[in-house]
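> One-letter residues, chain by chain:
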Amino acid sequence: MNEPTESEPKRAFTKEEEERKRDAYLMKHPQLRMKIIEGAITFAEKHLPERLQRNRPRRPHQKFH
Amino acid sequence: MNIQHVLQTLSRNKVESLLIGGMAYLLNHNGPLTYDMDFFVRDTPDNLSRLNTALRELECEWGPKEAFWKPVAETPEWLTWQPVYCLTSPHGAIDLYRAVKGLEGGFDACFSRAILRPISDDDAFFCLSDDDMLRCQEALPEEQRRLNRVHVLKEAINRRQRVESLKA
Chain A
1 MNEPTESEPK
11 RAFTKEEEER
21 KRDAYLMKHP
31 QLRMKIIEGA
41 ITFAEKHLPE
51 RLQRNRPRRP
61 HQKFH
Chain B
1 MNIQHVLQTL
11 SRNKVESLLI
21 GGMAYLLNHN
31 GPLTYDMDFF
41 VRDTPDNLSR
51 LNTALRELEC
61 EWGPKEAFWK
71 PVAETPEWLT
81 WQPVYCLTSP
91 HGAIDLYRAV
101 KGLEGGFDAC
111 FSRAILRPIS
121 DDDAFFCLSD
131 DDMLRCQEAL
141 PEEQRRLNRV
151 HVLKEAINRR
161 QRVESLKA
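Respectively, the protein sequence lines represent chains A and B. So the first sequence is numbered by our numbering: it starts at 1 and just counts up by one. So the second sequence is numbered by our numbering: it starts at 1 and just counts up by one.
Extracted from the complex, chain B is given alone in its bound form (with noise of 0.2 Å):
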């Protein structure tokens, strides 16, 4: 897996997008390795145009059934038949998302809220907050939430709580 070649090719084609699921989690916290890379995509022409050019770059392969896998498509098209796709590529398994349970109140919302980390010494990118990770396993059944996952992001905004409290 190559996060950062991921991320800087996102950035490099201002694909406006927010890291989410294990790996944000992995990278803010402490868990378990995660196999694939989950990003919120802002789900504009415009932006989905931007994402086919990267995901071609990155050579990503996807099929609307698992015996029709192929490269992506040259046109956006195929990104908006869907919520969320699943794609392969030689520097991991990427994992789209147009809309995500639990954040209902869209990409701007989550985005305002996001957390900014380098990706290098000229370039950074944005992880889902503590508060949109929380939501995110709130919003699933009880039985497929990740317990510790939920304790640990409500320990860390508790903190971060405690510690705006005292400067205010």
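Bound-form chain A, shown alone (with noise of 0.2 Å):
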């Protein structure tokens, strides 16, 4: 069996340390995580409209922190 690459994880991250490792790295590049959300709420106001005034969107402080 090949060893491991360097950059290759010594183990399988679960989902929630994936998420964890996702939103530490959008935290430190605010543009594209205000990109993400802003794009999420376009996309809900566009495709979305009657769903989206019944549910409000979780305000972007809420995610990805």
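Don't read these hints as lab results, they were simulated from the structure. It is possible that some hints are incorrect.
Keeping only pairs whose Cα atoms sit at most 20 Å apart, straight-line, the calculated EDC-like set for lysine to aspartate or glutamate is [stated by the list, open to error]:
#1 B:70 to B:36
#2 B:101 to B:43
#3 A:46 to B:36
#4 B:70 to A:18
#5 B:101 to A:16
#6 B:154 to B:142
Hints in hand, dock the two standalone chains.
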């Protein structure tokens, strides 16, 4: 079996660990973070306006922190 | 988030995948806004290779550690390291699953039950069925289940079964 490369994780991350890792990255890259959040809101406003009225989106500060 | 662009890129690259999670639920029912797109992908070398091509087109980034975050590799070997990946892209956050808790029957079984939804006039994508979404919820520890989602899914399944029995 091949030895893990330098960039290969020593063990598989769980979903929660993967999310935490991505959130940590996004916290250091606010422009990308806001692009993702604003994109999601724009998507909902454009495609799901009726649902958006009944389900207010979580505010950006409640995500990716 | 440009879900249409993500779905079209996956479709154009012939990636076998199912939209799952909050976005699938939101599109089929009525849920809170979600900030990522979750995909269950067929775990074969050919499909992972096509997936890697699509992810590079989508300018996706990932790292085995936060410090090593960078554009996804040119070759798909990294996609075999883990069962789940959380990526970033300018088109939205993307989660990839090679296996999903509650869906141990595998990708093919889920695909056979999937719901086809249009992306545009000449393209469509597959969403996880209500039955499989419910299986995912029921596989979670009770305290992690989204009770409203479970209730809505059960109602939808019951409604569908009543219609099917009337047609029979």
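> Confirm or reject each hint.
Do the hints match the structure? See the list:
Proposed proximity of residue 70 (chain B) and residue 36 (chain B) is supported: the alpha carbons are some 19 Å apart, at most 20 Å. Of the pairs offered as hints, the one joining residue 101 (chain B) and residue 43 (chain B) holds, with about 15 Å between alpha carbons and a cut-off of 20 Å not exceeded. The suggested pairing of residue 46 (chain A) with residue 36 (chain B) holds, with an alpha-carbon distance near 17 Å, which does not exceed 20 Å. At most 20 Å may separate the alpha-carbon atoms for a hinted pair to count; residue 70 (chain B) and residue 18 (chain A) meet this at roughly 15 Å.
Between the alpha carbons of residue 101 (chain B) and residue 16 (chain A) the distance comes to roughly 13 Å, so the proposed pair stays at or under 20 Å and holds. Restraint check for residue 154 (chain B) and residue 142 (chain B): the C-alpha separation of about 16 Å stays at or below 20 Å, so the hint holds.
Every hint from the earlier list agrees with this structure, and none is contradicted.
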